[in-house]
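Could you build the full structure based on these sequences and the hints that come with them?
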Amino acid sequence: MTLRPRNFFSGAIDFAIFVAVIGFLKILSILPIHVQQKTFIFIFTSIFAPLMNWPTRIDENLRLVHSDINSLQRNQITHRTLRNLASTLFEVFRPNYTAKLAMNAEITGPGAEFLEKAISNEQPVILLSG
2 MTLRPRNFFS GAIDFAIFVA VIGFLKILSI LPIHVQQKTF IFIFTSIFAP
52 LMNWPTRIDE NLRLVHSDIN SLQRNQITHR TLRNLASTLF EVFRPNYTAK
102 LAMNAEITGP GAEFLEKAIS NEQPVILLSG
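Those letters in the sequence shown? Residues 2 to 131, by our numbering.
Keep in mind the hints are simulated off the structure, nothing from the lab.
Any given hint could be a false lead.
[Unchecked claim] Below, computed lysine-lysine pairings styled on DSS-like, alpha-carbon distance capped at 27 Å:
id	residue 1	residue 2
1	Lys-101	Lys-118
2	Lys-39	Lys-27
3	Lys-118	Lys-27
4	Lys-101	Lys-39
[Said to hold, decoys possible] Ranges of calculated distance between the beta carbons of each label pair, as one might list FRET restraints:
id	residue 1	residue 2	range
5	Val-20	Lys-118	27 to 33 Å
6	Ile-127	Ser-68	33 to 39 Å
7	His-80	Ser-121	37 to 43 Å
8	Ile-23	Ala-100	35 to 41 Å
9	Ser-121	Val-36	35 to 41 Å
10	Phe-43	Lys-118	19 to 25 Å
11	Ile-31	Ser-68	45 to 51 Å
12	Gln-74	Ser-121	14 to 20 Å
13	Asp-15	Phe-43	18 to 24 Å
The structure presented is a predicted model; accordingly, all values stated were derived computationally and were not measured.
Ideal Cβ positions, reconstructed from N, Cα and C, are used throughout, including at glycine.
Structure, rendered in structure tokens:
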């Protein structure tokens with residue numbers, strides 16, 4: 002296997018950004034959790050994601066999958082995707098916050114009554130979403 006400089010540097014840059022994100026989350030930890038989340042989402046979508054070229058990657062994939070949508074729609078989808086990604090990363094790096102959200106979440110939707118019954122009977126479940 003040969004070392005490709007482009008891939009090596011791309012991976013090195015992604016790793017450096019990952020370290021910066023972790024450091025940034027440490028700094029944010031002095032703020033209330035809801036401020037941390039909003040700030041992280043803003044900074045991630047404005048600085049970190051563009052440094053990793055994610056908006057371009059998302060746009061290119063949208064062009065492949067949905068060549069019929071216009072640039073305004075692609076930009077909106079790209080922005081929402083980056084916000085969702087930032088929110089997911091925040092939840093991954095803040096497991097206590099995520100666990101608290103999950104414990105306080107209301108169970109709704111098709112099959113909710115079966116899930117509530119399994120919980121009350123202490124039965125295991127396989128939960129699929131999406």
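Numbers of the earlier hints that this structure fails to satisfy, in rising order: Result: hints 3, 5, 8, 10, 12 break, sorted rising.
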